[in-house]
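Which chain is which? The protein sequence lines are H and S, in order. Under the working numbering, the letters of the first sequence match residues 177 to 736, in that order. Under the working numbering, the letters of the second sequence match residues 177 to 736, in that order.
Do not take every clue at face value.
If several chains are the same, the list does not tell them apart, and a pair holds so long as it fits within one copy or across any two.
Claimed, not checked - The calculated EDC-like cross-link candidates involving lysine to aspartate or glutamate, where the alpha carbons are at most 20 Å apart (straight line), are:
| no. | residue 1 | residue 2 |
| --- | --- | --- |
| 1 | LYS678 | ASP717 |
| 2 | LYS526 | ASP596 |
| 3 | LYS712 | ASP665 |
| 4 | LYS502 | GLU443 |
In case anyone wonders, no lab produced these hints; they're calculated from the structure. Remember, predicted model here, so these are calculated numbers, not experimental data.
Number of protein chains: 2
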Amino acid sequence: MIKERNEKLKIIPLGGCEEVGRNMTVFEYGKDILVLDLGIQFPEEDMPGINYVIPDTSYLRGKEKNIQGIVFSHGHMDHIGAAPLLINKLGNPPIVGRPFTIEMIKYRQEDYSRGTSKSLKTICIKDVNEKIHLGSFTLGFFQVDHAIIDAIGVIISTPAATVIHPGDWMIEHNPIGREKISYNHLANLPRPTVLMLESLGATNSKKPVTEKQMMENIKKLIREAPGRIIIATFSSQVERIKQIIEYGGQINKKVALDGFSLKMAVEIAKNLGYIKTKEGVITTTENISDYPDNRVIVMCTGAQGEENAALAKIIDGVHRFIRIKKSDTVVFSSSVIPGNERTVQRIRDKLYRQSDNVIHSEIMDVHASGHSNIKDIQDIIEQIKPNYYIPVYAYHYMLKESAKIARAAGVLKENIVVPDNGSIIEASPKGIRPLEKKLPINYVFVDGSGIGDIGEVVLNDRKKLAEEGMFVVVVVVDKKTGKVKGSPDIISRGFVYLRESKELLSETRKKLIGMINKTTQSNGPVNWPNMKEEIKNKLGDFLFSRTERRPIIIPVIIEV
Amino acid sequence: MIKERNEKLKIIPLGGCEEVGRNMTVFEYGKDILVLDLGIQFPEEDMPGINYVIPDTSYLRGKEKNIQGIVFSHGHMDHIGAAPLLINKLGNPPIVGRPFTIEMIKYRQEDYSRGTSKSLKTICIKDVNEKIHLGSFTLGFFQVDHAIIDAIGVIISTPAATVIHPGDWMIEHNPIGREKISYNHLANLPRPTVLMLESLGATNSKKPVTEKQMMENIKKLIREAPGRIIIATFSSQVERIKQIIEYGGQINKKVALDGFSLKMAVEIAKNLGYIKTKEGVITTTENISDYPDNRVIVMCTGAQGEENAALAKIIDGVHRFIRIKKSDTVVFSSSVIPGNERTVQRIRDKLYRQSDNVIHSEIMDVHASGHSNIKDIQDIIEQIKPNYYIPVYAYHYMLKESAKIARAAGVLKENIVVPDNGSIIEASPKGIRPLEKKLPINYVFVDGSGIGDIGEVVLNDRKKLAEEGMFVVVVVVDKKTGKVKGSPDIISRGFVYLRESKELLSETRKKLIGMINKTTQSNGPVNWPNMKEEIKNKLGDFLFSRTERRPIIIPVIIEV
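Make the full structure from the sequences, and use the hints.
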């Protein structure tokens, strides 16, 4: 196919530009389509019962055969979590990523549906300098720092423009055992270049904790712990886990790993040769009682206070092998993910009751963030010197702040586009601009085995039920006499404590019988739908007058 | 009454030591009782529909006549919010506080029940050096810095010990128009002294923003705003509001106040003579269009993203007189209260879409916190040199960290007690110690007009309803034949979208009819309670197998 001369590159973020998570971007050149990331978003407070939210891919329906591939920048859930649900739906195109990322996707795929990971078509990037051709797209890669191994940046080259997308990123200013990453080489790519920059740090002016500082603090804690040391971190922090295992080996301590996802991540990393453990350093929680307390390191999941994670089990006294002792040192090598403030506070409170040595980021630098700050955003822009700038992968206000940083770093105002989910941005040597018309993007909720079947109606009912409860009245009406038979049944949950509300219930029954008998005794046929509306309204007002609460009222009328 | 020689002072925190809010402390000396603060706690994520939580005062039942008075440290809701609900219940004892605090309580009382504030017995502290005698207690006061005017610290003197309680506090290092507060004089009080210290800052190592820095930033923004400037802050920040009004007057700008609670707070402050406005500076939002944009300052509520507050109305385009213009400068002179992260992010996102000049604490120091940091806690302890130390008014882990700071500041380990709600701490010249037995303390939930009637059962139902929804099946059974008559009614909310689940519903009906007919057709009388349990279980499993969701199933069986 001969490309038109004026073909433009279309950049379409389907998710990740109005919320954090469910990251997904579509690139179109001619008919060819390339996808970057398939992430999930964890539910917000007003999405009760929802497991997670995935990108709305309806725009790609019917275009599956044009999808040349899906690139994954790294293996965090907000970048790969929707893969098992969407890869097949998108026509099972080749998936591209670094080894650890591909293995994580395979693992999630198996977890979702056993035996299906075999059918994935994978293109594994062995060497970061590889080039991959997919339709009209040429893919290149570059190393980035982020809180997971094998995170990469992606270069998407088309005749119209070159996109540079670091995925999630930070600048590690003092890395261990290697040079600080420079992005200067990206200034030499074919122009025009479009920098799509994850901008979670656009309002963060805090000085970053360096890997070196952090590891020195952790090593000191490990070395000087009077008893056992329990370190909770994210399971994907394989690099940190590796360093702790190695240090344990050096000073003759045993390291027990706990938590399903952490053990799995370490297993994958070992299989890939990323972690080479000295014989006998790693042990299990079952065996730690064989060693003196001050020779034991436990690394586990649950630093966010997750209910069923290893740390929660230990603290709640339900772990099979570990209880907290006063002499234990417990380290949260983690940040608090927004939305988890309360659960983290609760687990801290419990822990402080059991241990005298609890260490977290507010006490000491025992965690380095995986995201940049304002200064780093400025630096990377100045190094890459892009022609066009699209801030992505953050809340809208952060994208706007990121745009301000880009302007200060020299990008022209007309060359910056702040996108929404569903924006269609055209880029070519002539310029960059968003089309006026955006794609409609909906929440696609996953709840149990249902994908996208929960809509606003069900969600609003859930919220209402949670706030005020429900109140079902079941009335049996005699067809012949029109009179209520017996006493109406009342079923209520989440409204009042029924046993202590007998008077309220008996008044309600009286009101109900009165209302129905009055209507049925009048002339003409009864309009039951109207009757039900009336019951809802009048009973609602009555209950409100007594309780100042407005439960969902559901009248059931049975004629016999 | 002659006091026993060995009488001890009992200190009993009833709230505020395991959560933030619902602050209340009881002091007992002999039979005499003194209460400090009656606050509310705002509901947590797992308390759907709850308006707020108040302290559990069951311990005081029957002792009302011994309550000599209730002292209020300042007028924030977590210190006075439960007053209208509890003062009467506690036998309407005299209430003690500074003028603004007393007026705020009166206002809340009126709001709760019109005409009732007249019956409050108030002791208004006109001069901070006053002494008040209430039974065995002598009360003294001292000035503290906090985010509301008329905040005071309280000195409670008894023969057994002297309690020093600053209420909520911070150290303002660079105040405007006065000296920095010193607490050295509190080291000279009769010994032993017990310092009860609000410890929200016990893990905060950030350098505080000073009032001077903050006001300079705000003034610069006001001065240089190209158009209108809209400043959202807490309604209780009367001092800040006052300074902005005064500055507006100086540079010939008009100040429009908006938001019910803000206008009310300013009104009270004006009546008390705290705010003296120059003629013609204050205007209404209705009249701001009479002035050029760059002469208009709007001060309003809603900085936490509260749904019905002034700022939300303005942003959502439903305010009667104000819409956001691109040229408006909008300032959040506020912190993000824990739990409000999401609503604040959402209002920011909306605002950034409408204005190019949004300023908040992450961008510039436009807010000074009302709470201390680690350094300040250390300083105040070193100034007061208490014999005993009880950290209070924060989460447990913060209290523990505060205790560590106190030890580092020279307080002996055995003289520190970290309390829980319900702890009974005895203090005397011989020492301080918590009794082994604690008072049982329950959540007292306020929901609508119900106080304390919502318990764990109702709350758990609400959570379950929110997560999975409900599923009511109504079956009419013929008494004679035992057979199901007609088709069972199914009423469901929050579970699946019924219109799209016809197949699931018809299968459910079939299953249900089968189950009931099978049982009723067998020999012997039907055990309906057992039948219902069976329906719940089997239907539950069936629905789970189809949806992986577990709604609350409620079977209603009607025999006719």
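Original post:
Can you name, in rising order, the numbers of the hints this structure does not satisfy?
Top reply: 4
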